[in-house]
Every structure is written in C-alpha cells, then in structure tokens.
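Based on the provided sequences and hints, a complete structural model is requested.
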Amino acid sequence: MTIANCTVGMELPPIKIQPISRKLLALFAGASGNYQPVHIDSDAAKAKGNDDVFTHGMLSMGFLERVLTDWVPQERVRSYKGRFVARVPVHAEPVCTGKIIAIEGGLATVELTLTLADGKVALRGEAVVDIS
Amino acid sequence: MYMDREKALAYKIEPIPFEVERWQLRFFAETIGQTNPVYFDLEAARRAGHRDLPVPLTFLSNSVELSRPNPMSWLHDAGGDFYRCTHAEQHFKYHAMAYAGDSLMLQRKIVDVYVKKGGALEFVVKQTDVKRGDELIAEVLFVGGIRHPEALK
Numbered sequence: 002m003t004i005a006n007c008t009v010g011m012e013l014p015p016i017k018i019q020p021i022s023r024k025l026l027a028l029f030a031g032a033s034g035n036y037q038p039v040h041i042d043s044d045a046a047k048a049k050g051n052d053d054v055f056t057h058g059m060l061s062m063g064f065l066e067r068v069l070t071d072w073v074p075q076e077r078v079r080s081y082k083g084r085f086v087a088r089v090p091v092h093a094e095p096v097c098t099g100k101i102i103a104i105e106g107g108l109a110t111v112e113l114t115l116t117l118a119d120g121k122v123a124l125r126g127e128a129v130v131d132i133s
Numbered sequence: 017m018y019m020d021r022e023k024a025l026a027y028k029i030e031p032i033p034f035e036v037e038r039w040q041l042r043f044f045a046e047t048i049g050q051t052n053p054v055y056f057d058l059e060a061a062r063r064a065g066h067r068d069l070p071v072p073l074t075f076l077s078n079s080v081e082l083s084r085p086n087p088m089s090w091l092h093d094a095g096g097d098f099y100r101c102t103h104a105e106q107h108f109k110y111h112a113m114a115y116a117g118d119s120l121m122l123q124r125k126i127v128d129v130y131v132k133k134g135g136a137l138e139f140v141v142k143q144t145d146v147k148r149g150d151e152l153i154a155e156v157l158f159v160g161g162i163r164h165p166e167a168l169k
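Residue numbers (the working numbering), protein chains in the order written: chain A, 2 to 133; chain B, 17 to 169.
Just so you know, the hints here were simulated from the structure itself, not pulled from any lab data.
Worth double-checking, as some hints may not be accurate.
[As the list claims (entries may be wrong)] Ranges of calculated distance between the beta carbons of each label pair, as one might list FRET restraints:
no., chain 1, residue 1, chain 2, residue 2, range
1, A, A103, B, K169, 39 to 47 Å
2, B, K28, A, G120, 41 to 49 Å
3, A, D131, B, V127, 20 to 28 Å
4, A, A118, B, T51, 21 to 29 Å
5, B, K23, A, G120, 16 to 24 Å
6, B, M17, A, G120, 35 to 43 Å
7, B, T102, A, I104, 32 to 40 Å
8, A, A87, B, D150, 34 to 42 Å
9, A, A27, B, E151, 19 to 27 Å
10, A, T8, B, K23, 26 to 34 Å
11, A, K24, B, R38, 37 to 45 Å
[What the hints assert, rightly or not] Heads up, simulated DSBU-like pairs for lysine-lysine below, C-alpha to C-alpha not over 30 Å straight-line:
no., chain 1, residue 1, chain 2, residue 2
12, A, K82, B, K169
13, B, K28, B, K109
14, A, K17, A, K82
15, B, K169, B, K28
16, A, K82, B, K147
17, A, K47, B, K169
18, B, K169, B, K23
19, A, K100, B, K23
20, A, K100, A, K49
21, A, K47, B, K133
22, A, K49, B, K132
[Unchecked claim] Going by beta-carbon spacing under 7 Å, a handful of chain B positions derived as facing chain A:
no., residue
23, T74
24, N78
25, E105
26, Q106
27, H107
28, M113
29, S119
30, Q123
31, V131
Each residue gets a CB set at the ideal place from its N, CA and C atoms; glycine is no exception.
Quick look at the structure:
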C-alpha cells in the first residue's frame, strides 16, 4: 500500500499479537522502566484484588504503534494518542487494527484499536500521519 | 481527598536528563515486536536517512521518566493519591525524530486536574516537554485516573 493511493475508510493491515506471556511483561518492564508489581508479580497483583498480572498500557500502545510504522516511515507520524479502556490480561491475544477516518491537507487521521479475542476493545487510539 | 488544582498546577516537578542509548532502543523495539530493521541495525537506519537508531514512537514517555527512583513521587508531592491512580490516556505530539546518542531533557508540569462521574474519578494531566538542547522534540501528556470510591456512597 503506498501513501499516494490512500482513501478515507481504508483499513491498514491488522497485526495479531502472540499470547502475552509473563516473560514478555517482565521484558517490557525492563525495556520501559515500568516495574510496577501489578504487571510482573502475581502475588502483588492478587493482593490488589486482580486475578493476575496485567499488561502495561504502554505495551499495548507499543503493539498498536506498529500498525503505523508498518505503513509509513516513523518520521511521518505527527501525533499518536491512546485511551486505555479495558485491562489486557496476561495470556491475552490482542489484534491491532487501523482505519483512515479523514484526509485533509495532506494529513491522514487514523483510528487505531487494540481488541481482545472476545471482541472487547482495550485501547482506543488515534494518530495523525503526513501522507503528502 | 482530592487534589488542590491550583496547588498542583503550581507545583514544580524536577526535570530529568536522559541519554538515549542503542541497547535500550533495541530492547524496547524488540519487546513491542518491531521487525523493521531500522530500529535495530545501524546500516539499515542510515540507509533510511536516520543518523543513528531512531527512538520508537512510545519510548519517550514513561520509559524515560520511570527510570528514576520513586517515579510517581511528582503525583504524591502534588497532593494526588498515587496508590489509586491508573493510566487513563497517553498523548504524543512529535516535532522531530530523536536518536541514540541524543542528550535529552524532560521538563514536566501538571497542566490540569479535573473530576468526572460525580467525583468518582479524578484525572490529573502531566505534560512532559522533551527537549534536545533548545529544540522541542516532542510533547507528551500523561493522564492518570484516580479512583474515589467514597464519592459513590
């Protein structure tokens, strides 16, 4: 898909994420510096009333950013925002999707979504990309 | 206890210097599942027009700020209940690419505090301006949601 023939309504290739392992949460803690126990320590997560550890919001935003960088060189991304609407539990297999919802003045607005296997939306994102 | 908005907006948060290093960029890119070689291989990055490995889109947020001890002390010191705070939103506005080898300074301030759902949820917005010398690289907003179950009674 080239930038030149983008249209409103066009869907970007989805990305299926492999089941999120405890190991991945531990690695992301190291890579991002976020060692909050609810993400990497089952005992701590349960003590706070959770079933188990859950995914860092920023790891979900990291998965979702790949929809953009698989499509365009990163320097074309002008903005990227995300709203965390539901927990992504350990072992989840989310799918990342993107759809162009507006094009104006050489800028495309992309609606990005990270959805869990049961259909629940966990992360709603939006990006503005220079497609000129 | 809710935050005092005026006090929170006036509260000065210490800026954070940060040196961007290749190993951490590669580690971060790998964990989010990046496969594009520009994030890992210097030659590939340079062929794509980058001067070094590029900083991924979501790296310039908590990755940097959380590398300090007591990373959420800014919230506590500004009067917020850290224990009940969850990450509600994150916004990035990009002005320039950042690269391995950059010396960055993160200037932080609370820019808003507001309440929703009849007081059950309090939101705090922290803005981080990422600077490289005088150049503004990115503006990042962290929105935290603090639960106040006492408001539901």
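Hint-by-hint comparison with the structure:
| no. | hint | result |
| --- | --- | --- |
| 1 | A103/A - K169/B: 39 to 47 Å | holds, 43 Å |
| 2 | K28/B - G120/A: 41 to 49 Å | holds, 45 Å |
| 3 | D131/A - V127/B: 20 to 28 Å | holds, 26 Å |
| 4 | A118/A - T51/B: 21 to 29 Å | holds, 22 Å |
| 5 | K23/B - G120/A: 16 to 24 Å | violated, 43 Å |
| 6 | M17/B - G120/A: 35 to 43 Å | holds, 38 Å |
| 7 | T102/B - I104/A: 32 to 40 Å | holds, 34 Å |
| 8 | A87/A - D150/B: 34 to 42 Å | holds, 41 Å |
| 9 | A27/A - E151/B: 19 to 27 Å | violated, 35 Å |
| 10 | T8/A - K23/B: 26 to 34 Å | violated, 49 Å |
| 11 | K24/A - R38/B: 37 to 45 Å | violated, 23 Å |
| 12 | K82/A - K169/B | violated, 33 Å |
| 13 | K28/B - K109/B | holds, 22 Å |
| 14 | K17/A - K82/A | holds, 20 Å |
| 15 | K169/B - K28/B | violated, 34 Å |
| 16 | K82/A - K147/B | holds, 20 Å |
| 17 | K47/A - K169/B | holds, 25 Å |
| 18 | K169/B - K23/B | holds, 27 Å |
| 19 | K100/A - K23/B | violated, 41 Å |
| 20 | K100/A - K49/A | violated, 37 Å |
| 21 | K47/A - K133/B | holds, 27 Å |
| 22 | K49/A - K132/B | holds, 24 Å |
| 23 | T74 | holds, 5 Å |
| 24 | N78 | holds, 6 Å |
| 25 | E105 | holds, 5 Å |
| 26 | Q106 | holds, 5 Å |
| 27 | H107 | holds, 4 Å |
| 28 | M113 | holds, 5 Å |
| 29 | S119 | violated, 18 Å |
| 30 | Q123 | violated, 18 Å |
| 31 | V131 | violated, 18 Å |
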